[in-house]
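K.L.:
Sequence:
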Amino acid sequence: MADHDNKVDASHLEHRASSTDADRIEAITHQHRVDDDRAEEAKGRNADKYEKKYWLSVNYIGTLFAIGVAFMGGIGGYGLIAPILTQINEDIGPSPNILWVSLANIVLGAIVFLMVGQLSDIFGRRWFFIIGSVIGLIGSIIGAVAQNVNTLIVSQVFIGIAVGFQQSFFWVVSEIVPMKWRYIANSYCYLMTTPTSPLAARVAYSFMTYPGTWRNSFYFLIAINVTSIFSWYFFYHPPTFSMLHRKKLARDLFFNFDWIGLALFSGGLAVFIFGLNWGGVL
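Numbering that gives the first Met the number 0 applies: residue 0 is where the sequence shown begins, and numbers increase by one.
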């Protein structure tokens, strides 16, 4: 009898503890939402709150397409060009600076990648990703008409900057897809890079067999970036700055950003990447 009473008491205490924990979590969540600077429509929802029409909406499908195409272009700026640098150098070189073509892409992409997440969190993502694809388009056009290696390096500077935006796809995925299903969305994004990542070398060498040879890779990147620009513009409509920050000014957020820390970290990262590439050479 005593054992039965003890089990009842233990069960009762466990129930009370779980109820207390649930109440505490709910209270904290409620307080966070009260303190949140965002407008109500800019706040997240639980997975069970999404209606079927959301998943079938033009904006949702179009945004997913924009994410995938932009990511494909960002990866392709390096993946399609690096395998054929020798042929490019033979055509518009030779130049001892040919290695800077890929190096410029890697360094600029790594540095810009650090900034996109935090700054787009503050100021809103829409124009960040549109501008990123525009920069990628400019770099692709410069690369397509390049007559020397130095011009090709300039094109990769632009493409590298764009990579920082285009590889930040997961920020947008986290906005439009609940955590429960993000692994599916992320898998889709990587699947979209099939022509410019796992098959990049084969695609690049296939382009070499057509008139235009290596420039066809840049023509392909032009088409990808144009498509992503229009897709971002017409389908991606995230919360605006005024919805994200009802009590703060853009000027205050801009000047409170740790620009010095960003410069120091970016400089250190650049030196590290240069060191990896120059190790044993200089």
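The set of hints was computed from the structure by calculation and includes no laboratory data. These figures come from a predicted structure and were not determined experimentally. Just so you know, even glycine gets a beta-carbon here, dropped at the ideal spot from N, CA and C. Check the hints yourself; a few may be wrong.
[What the hints assert, rightly or not] Label pairs and their in silico Cβ distance ranges:
1. 120 with 218: 27 to 37 Å
2. 177 with 81: 15 to 25 Å
3. 208 with 264: 37 to 47 Å
4. 93 with 185: 19 to 29 Å
5. 254 with 274: 46 to 56 Å
6. 146 with 182: 44 to 54 Å
7. 120 with 208: 29 to 39 Å
8. 51 with 270: 49 to 59 Å
9. 98 with 264: 21 to 31 Å
10. 208 with 57: 30 to 40 Å
11. 54 with 233: 11 to 21 Å
12. 190 with 57: 19 to 29 Å
13. 261 with 232: 19 to 29 Å
[Claimed, not checked] Straight-line C-alpha distance at most 20 Å; calculated EDC-like pairs for lysine to aspartate or glutamate:
14. 179 with 50
15. 51 with 174
16. 52 with 174
K.L.:
Among the hints numbered above, which are violated by the structure, and what are their numbers in rising order?
P.N.:
Checked against the structure, the hints that fail are numbers 2, 4, 5, 7, while the rest are satisfied.
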